[in-house]
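Please build the complex by placing chain B with the ligands on the supplied structure of chain A, with the hints as guidance.
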Amino acid sequence: MDHIRVVNLDVGYGDETVLRNLNFVIPPGMITVVVGESGSGKSTLLKALIGLNRPLAGQVFWGGERIDYDSEHSLAALYRRIGVLYQNSALLNSLTLYENIALPIRIHRHSTPRSDESARVHEVLGMVGLRGADGKYPFELSGGMRKRAALARAMVLEPEIVFCDEPSAGLDPLTASGLDELLRTLQGSHGMTFVAVTHELRSIGRIADRVLLLQGGGIRFDGDFKDVAGSGDEYLRSFFLLKDEAP
Amino acid sequence: MKLKEDLSRFFSLLADEIYATGQYLRNRRGVLPGAVVQQLFVMGYKSFPIVALITFLVGITISLTSAAQLEMFGADIYLADLIGLAMIQELVPLMTGIMLAGKIGASITAEIATMKVMDEIDALRTMGVVPEKFLMAPRLIAITLVVPLLVAMADTVGVAGGVIVARVALGIPPGVFLREVFTVVTLGDFLTGILKTLVFGWAVVVGAGFKGFFIDRGAEGVGKATTESVVLAISLIIGLDCVFAFVLY
Ligand SMILES: Nc1ncnc2c1ncn2[C@@H]1O[C@H](COP(=O)(O)OP(=O)(O)OP(=O)(O)O)[C@@H](O)[C@H]1O
Ligand SMILES: [Mg+2]
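Protein chains in written order, with this note's numbering: chain A, 135 to 381; chain B, 510 to 758.
Looking at chain A on its own, in the form it has when it is part of the complex:
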């Protein structure tokens, strides 16, 4: 069963189409990495998949069900199943770290007892290595801590699928690899599905099961990461810096 199936999708803004006639699937339990040059439309595609940006044409199916971008009901059902890690973390600055992470629980499961809520919040804070920072405000955290906190928030309701826009961009190599490891662990132990946009080659190497390469308004490559090295496509090889090693 495919988690997400995209059929003849056009995405863009107003009259301007950024990506045309996309067809692909996102399989469950894997990490799919979306790559492409700056401005190729990665964020635009991501926003369409999570219902923030209405597609210009085509359909998106979740487990066989079509998303109706005009229906609040359909979108609300979608939002119950996903977690999103935004590029700039997007924690609410007016709330403490604890309140930020508890917010999805308070919104979706408002009858949850405070003790259960607290246990769950501390559990996910522990997973991302932020135990003890729960009373801090986002502006009191470093960029890497904010990213990890945003991941904790994205996971707190145990979504089926987590979307990450550049999870490791702007982080030092150690923090970045720590975050990648965390994604891998979660994918392995909880069977979570991840869709990540990233530029970092090292990060791609560490986490990618599948790769979706966007280029020129369409999909240039869609397949397993391990097949990238064997591909004869010059553009693909140059994107992954494989040119020099090619025979």
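Hints were generated in silico from the structure; no laboratory data involved.
It is possible that some hints are incorrect.
Said to hold, decoys possible - Pairs of lysine-lysine residues, derived as BS3-like cross-links and limited to a Cα-Cα distance of at most 30 angstroms, are as follows:
| no. | chain 1 | residue 1 | chain 2 | residue 2 |
| --- | --- | --- | --- | --- |
| 1 | B | 511 | A | 181 |
| 2 | A | 181 | B | 625 |
| 3 | A | 270 | B | 642 |
| 4 | B | 513 | A | 181 |
| 5 | B | 511 | B | 733 |
| 6 | B | 612 | A | 270 |
| 7 | B | 625 | B | 513 |
| 8 | B | 733 | A | 181 |
| 9 | B | 513 | B | 733 |
| 10 | B | 511 | B | 612 |
| 11 | B | 612 | B | 625 |
| 12 | B | 513 | B | 612 |
| 13 | B | 642 | B | 612 |
| 14 | B | 625 | B | 642 |
| 15 | B | 555 | A | 270 |
| 16 | A | 270 | B | 625 |
| 17 | A | 181 | B | 642 |
| 18 | B | 642 | B | 555 |
| 19 | B | 733 | B | 555 |
| 20 | B | 511 | B | 625 |
For chain B with the ligands alone, coordinates are given in the frame of chain A:
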């Protein structure tokens, strides 16, 4: 073209906010507990001192300029009529509205525009929160509760300015002055003043939300949106005041 789009956005946001606030009042969901009370304190703290100061100074200024004229005609006591009616019907609502635009409207726009730029609004949406409700319902409810208190205070302070001028410049005892004020100004005038200010307050909050939620991408950003929010709110207030003048008098 741009104007048409802006107008349709403005009114659809207005409709969303009214709907969301009504929905919140019915089922108390979709807003953080305590948000209304928090907004009450923030708005009260921001607006009370400045509104008190401004209406007091305006009361004194109008009284001083009119006192000289009235004295020439030996109509000293009519200062009370003039101040009572001018303050309560017109100047307090207008001044309060403008102060709300500068203090509360500007900060709402700055906050929401920043949240928009930082993707916090998108984040709220994908968490299943309706931002128009989560952010705007507590503010609309809070302004509705703050304005009547604010107007009552401002009316008192503005008339007090008149009392002082009457005593010092014209030698009218405060008791006489106030008795005259109460014979001219009716409860209806007082309530109309509150109603007008309420409408101005709503215009400030809705206009501020509009400028925050629809901040131009790639523009100078938050600063520009904030300035525009104050200009929009003051224009709305003056326009609405004009409508009130036609309808009421
Ligand atoms: N809000 C918007 N309104 C209009 N056009 C936009 C908007 N956001 C992005 N675009 C345009 O869409 C195209 C794709 O942008 P997008 O942000 O999806 O690229 P990206 O692949 O995520 O790039 P990056 O790697 O730099 O983040 C660009 O040409 C951009 O100018
Ligand atoms: Mg992007």
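Quick rundown of the hints versus the structure:
1. B:511 x A:181: 25 angstroms, holds
2. A:181 x B:625: Holds, because 15 angstroms separates the two Cα atoms, which is no more than 30 angstroms.
3. A:270 x B:642: 26 angstroms, holds
4. B:513 x A:181: 26 angstroms, holds
5. B:511 x B:733: This hinted pair holds, its Cα atoms lying about 17 angstroms apart.
6. B:612 x A:270: 28 angstroms, holds
7. B:625 x B:513: Given pair residue 625 (chain B), residue 513 (chain B) holds - Cα atoms ~23 angstroms apart, limit 30 angstroms.
8. B:733 x A:181: Given pair residue 733 (chain B), residue 181 (chain A) holds - Cα atoms ~26 angstroms apart, limit 30 angstroms.
9. B:513 x B:733: 21 angstroms, holds
10. B:511 x B:612: Distance ~28 angstroms between residue 511 (chain B) and residue 612 (chain B) Cα, so the pair holds.
11. B:612 x B:625: The hint holds at about 20 angstroms.
12. B:513 x B:612: Within the cut-off at roughly 29 angstroms; holds.
13. B:642 x B:612: 22 angstroms, holds
14. B:625 x B:642: Judged against 30 angstroms, a Cα distance of about 15 angstroms means the pair holds.
15. B:555 x A:270: 26 angstroms, holds
16. A:270 x B:625: 22 angstroms, holds
17. A:181 x B:642: Holds, because 22 angstroms separates the two Cα atoms, which is no more than 30 angstroms.
18. B:642 x B:555: Given that 30 angstroms is the threshold and the Cα spacing comes to 23 angstroms, the pair holds.
19. B:733 x B:555: Within the cut-off at roughly 21 angstroms; holds.
20. B:511 x B:625: 21 angstroms, holds
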